[in-house]
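Residue numbers (our numbering), protein chains in the order written: chain F, 1 to 180; chain X, 181 to 617.
In case anyone wonders, no lab produced these hints; they're calculated from the structure. Among the clues, some could well be false.
[Unchecked claim] With a straight-line cut-off of 27 Å between C-alpha atoms, the simulated DSS-like cross-links for lysine-lysine are:
#, chain 1, residue 1, chain 2, residue 2
1, X, Lys409, F, Lys136
2, X, Lys321, X, Lys307
3, F, Lys136, X, Lys495
Treat the numbers as computed from the prediction; the structure is a model and nothing was measured.
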Amino acid sequence: MRIFNPILVLVILSLSLGACNRTKVQENVDVDDANLGESSNGSGANSSGLGTDGGTSGSGLGLAGGDGDPLSKRVVYFDYDSSSLTAESQLIVEAHANYMLSNSGVSLVLEGHADERGTREYNLALGEDRAKSVAKLMQAMGVQAGSMRAVSYGEERPVALGQDESAWGLNRRVEILYGN
Amino acid sequence: MMSQIKSLVVTVLVLVVAGVQLAHSALTIDITSASGDGVPIAIVPFEWKGSAPPPQEVSAIIESNLVRSGKFDAISKNDFLEAPHDNSQVSYKNWRLLKAEALILGQLRAISPDKYEARFQLLDVYKEKQLAGYQFVVSGKQLRKVAHQISDIIYETLTGNPGAFDTKIAYVTVTKSASGGNNNLLVVADSDGYGPREVLSSKDPIISPAWSKDGQKLAYVSFENGGSKIFVQDVFSGKRDRVANFPGLNSAPAWSPDGLKLALTLSRDGNPEIYVMRVSDGTLQRITRHHAIDTEPSWAPDGKSLVFTSDRAGKPQIYQVSASGGAAKRLTFEGAYNARASYDSTGKKLVLVTNQGNGFQIGVFYPDNGGLQVLTQSRLDESPSFAPNGDMILYATQTGGKGILAAVSSDGRVKQRLRFLDGSVREPAWSPFNLKL
Numbered sequence: 001m002r003i004f005n006p007i008l009v010l011v012i013l014s015l016s017l018g019a020c021n022r023t024k025v026q027e028n029v030d031v032d033d034a035n036l037g038e039s040s041n042g043s044g045a046n047s048s049g050l051g052t053d054g055g056t057s058g059s060g061l062g063l064a065g066g067d068g069d070p071l072s073k074r075v076v077y078f079d080y081d082s083s084s085l086t087a088e089s090q091l092i093v094e095a096h097a098n099y100m101l102s103n104s105g106v107s108l109v110l111e112g113h114a115d116e117r118g119t120r121e122y123n124l125a126l127g128e129d130r131a132k133s134v135a136k137l138m139q140a141m142g143v144q145a146g147s148m149r150a151v152s153y154g155e156e157r158p159v160a161l162g163q164d165e166s167a168w169g170l171n172r173r174v175e176i177l178y179g180n
Numbered sequence: 181m182m183s184q185i186k187s188l189v190v191t192v193l194v195l196v197v198a199g200v201q202l203a204h205s206a207l208t209i210d211i212t213s214a215s216g217d218g219v220p221i222a223i224v225p226f227e228w229k230g231s232a233p234p235p236q237e238v239s240a241i242i243e244s245n246l247v248r249s250g251k252f253d254a255i256s257k258n259d260f261l262e263a264p265h266d267n268s269q270v271s272y273k274n275w276r277l278l279k280a281e282a283l284i285l286g287q288l289r290a291i292s293p294d295k296y297e298a299r300f301q302l303l304d305v306y307k308e309k310q311l312a313g314y315q316f317v318v319s320g321k322q323l324r325k326v327a328h329q330i331s332d333i334i335y336e337t338l339t340g341n342p343g344a345f346d347t348k349i350a351y352v353t354v355t356k357s358a359s360g361g362n363n364n365l366l367v368v369a370d371s372d373g374y375g376p377r378e379v380l381s382s383k384d385p386i387i388s389p390a391w392s393k394d395g396q397k398l399a400y401v402s403f404e405n406g407g408s409k410i411f412v413q414d415v416f417s418g419k420r421d422r423v424a425n426f427p428g429l430n431s432a433p434a435w436s437p438d439g440l441k442l443a444l445t446l447s448r449d450g451n452p453e454i455y456v457m458r459v460s461d462g463t464l465q466r467i468t469r470h471h472a473i474d475t476e477p478s479w480a481p482d483g484k485s486l487v488f489t490s491d492r493a494g495k496p497q498i499y500q501v502s503a504s505g506g507a508a509k510r511l512t513f514e515g516a517y518n519a520r521a522s523y524d525s526t527g528k529k530l531v532l533v534t535n536q537g538n539g540f541q542i543g544v545f546y547p548d549n550g551g552l553q554v555l556t557q558s559r560l561d562e563s564p565s566f567a568p569n570g571d572m573i574l575y576a577t578q579t580g581g582k583g584i585l586a587a588v589s590s591d592g593r594v595k596q597r598l599r600f601l602d603g604s605v606r607e608p609a610w611s612p613f614n615l616k617l
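Extracted from the complex, chain X is given alone in its bound form:
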């Protein structure tokens, strides 16, 4: 009996990302390096009550999410001594024997055509009590999203940090077109790569997608019609505006935390400089003044300052400047190349691309003490972005001359690769939390 379940109806509105659903969405996630010291948890496959097979294997998605985070290790199902689907059926000592700290169980039930009830409970094996339990009633199409929401609840309950499974990623794929040129697609998918939808298609390159803080818009650089220009596109309607088309470079857009401004790079005054544009009317404020390259601006979470890449000292390094301009302060000194830095949500660390003499890797830089930790080992790693909870970093790398996406935990302990069927994948950007989805 689920005696602890009370009914409370919450309505969540779902907006659908505009764009073509991509048929070849097949993707596999390989965990290339595991921590091995995550919290041991046991996930019992959810009981299924229905005639046809369930639209989604909800408990398998939850397990995959939690294990991918590196915070948890799933105990092998072969070792389970029982298969409960409700806390009333649980014999806690059977799980203590397996050294499970938390137990996740649940049920999935078809209640009418294309209507399903999913319920789960998260149990503390040692305290023998329920930590969380929820019930969802949704369509088959939404069961994947429910699995991500359940994963988020479990993650937050057990770690104290919000989960970021029910979020999106944007990225660019490049495939050869029939005419011999390239077909460039800007794609939005679930955080685990499923359900990709194409939101822009071009035969010219697309780079630097950047999510607005409300998750409603993507700014990006498109080379359509020659040269780089910045566009802002509504993710849900597909409507877009060209916001920067000045002579020279128009590139590296970054949304301010309040969503009202874009920091960007323009060379209209002679060479690449950082500017801040008020999106509502296009008003520009110039932030940097230096004959060297200044580019790749990114906002501090408080919106008061920007970091950017400059080669003013000879090689690219990270600098910080007030968001209203003024003198820039150099932040990075370690390594011959540090670029494309962006903050996590706390403002205490920056993820960047670094070259310490052995190729280009993803690093985390701590501005408070100047420490830099290199997290990856390949030679062509680039375009890192933090998950909105700061626990994972998504980036682009190459294998066999082909671009792929990879993720690493912020502490470097867990690594994984997202493999797509065809084409080269690059320029990933992890969405913020508060997507209106």
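Okay, chain F solo, but in the shape it has when bound:
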């Protein structure tokens, strides 16, 4: 143990003492701020469904088939820590690929997601991997790569909040979102 004989007098001066308690809104970065030059898109809640513009709405696109029609399904699900498409997912993706092939000028956002287990950054990569699995199958069927965009939200936008397999299974997904 060391012995500290001299006693220091520490005078702590604040550069901006007066500012300590003041709420300095102008210094706070708000991503909605116009000076970023961009406006934020919608929040995580509206991550499903078609575009709301008349011409590209679900019915307008003729996407809404019967319940048994794979084209009526716009979410495909994955196994834990896997980006492989299940047999059912392949049918759904193929139906959308065929739709894309017969409707030129339509574009897709493939939004990849993961469940909450594991690290956020790894899950972000996993979500992208899942979106790209969907894109690859569509591309193999002839859909132009330029008409699809893969984006991942990792585990950040769950649709189910439970902490069991029934919730996790719903969160491991790619949402097929039509744009224009």
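Position chain X relative to chain F; hints supplied.
This is chain X only, laid out in the frame that chain F set:
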């Protein structure tokens, strides 16, 4: 009489973190597991000389800090035989009876409007001598910081390792907004969670805050406008730049020890790979080349190599690669899942998230011998970071479906939870030492 006190004036400049002070800062720290074999110390409540109540209970903050570290056990005040406020008043045998090894005492005095003098002494009960003694003259607002500085001095004097009480933490809170969406805040607070200030607000997710080594900047991933992008923000001015906005993923930023570079994950070349960016001009160097997921880079303290997470062997494991690229070497083999590793300041251990078959927990991995020690017991523990002195690990966990922060000593003996009033708290990052505060 404080005959040993000599006056030496040191000026410490304080910069204030830019951002909105959060009104609902209430937070409690529960020690959920104590070691019970810390060094017994006695902390006498400081004598208060002033008309109004003191702005801060300095000795209580010091006691809370020291006990939380797990290195010390505070002897109950009910057992004290005397209440000295100066070493001249101490009868050492009264403290040896209580088996106290160290005695901490002091005074707090109002000397003019909003000006206080705090003085303390740390005494060795068995050698009957002073180990440290300091005097501070500050405003009321700075008394908490002084309490942390005193805690750091005591910690270093008694353990030989620097204290990390006078440091900051960054974290993300998520609350429901009035419109039904989420309100995501990036917050900077004292190391014990007090004084939170919001430095970023977004309705889109914010993850992976990372402190620069000088404590001046935070890099983070924001999903504003869709997709992940990396920003660097000056903590004090609030000014920020978007440094990575490539097609695909822009994520997992990690500052190099010299503060000139960021390691990050980009998928612009097809799939997630590790890159190193020179921050001054954005020049990129690609580090990994593999069709698997490579992400979560972190620098060795010497800046010569990086560790990262890859699932190239099927499941996520930790790999090491030269900071200039080349072949990667697998480091972890124990457990089905090891990810998000980062070094302590010595480079001798890594903290990581591990799954040994019973959920996701915080572990410490020793690269020299390949040993892995699991420190926590929950099933969804994540985002660990070492305190700058390496003695504690801050991480995120869940309770009742809500995210909270928790800390564990690096040896796993002491655990605590930081509870916030509302919302979910996640993505903690402990600041380095040399904050310009």
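Could you tell me which of the numbered hints above are not met by this structure, giving the numbers in increasing order? 2
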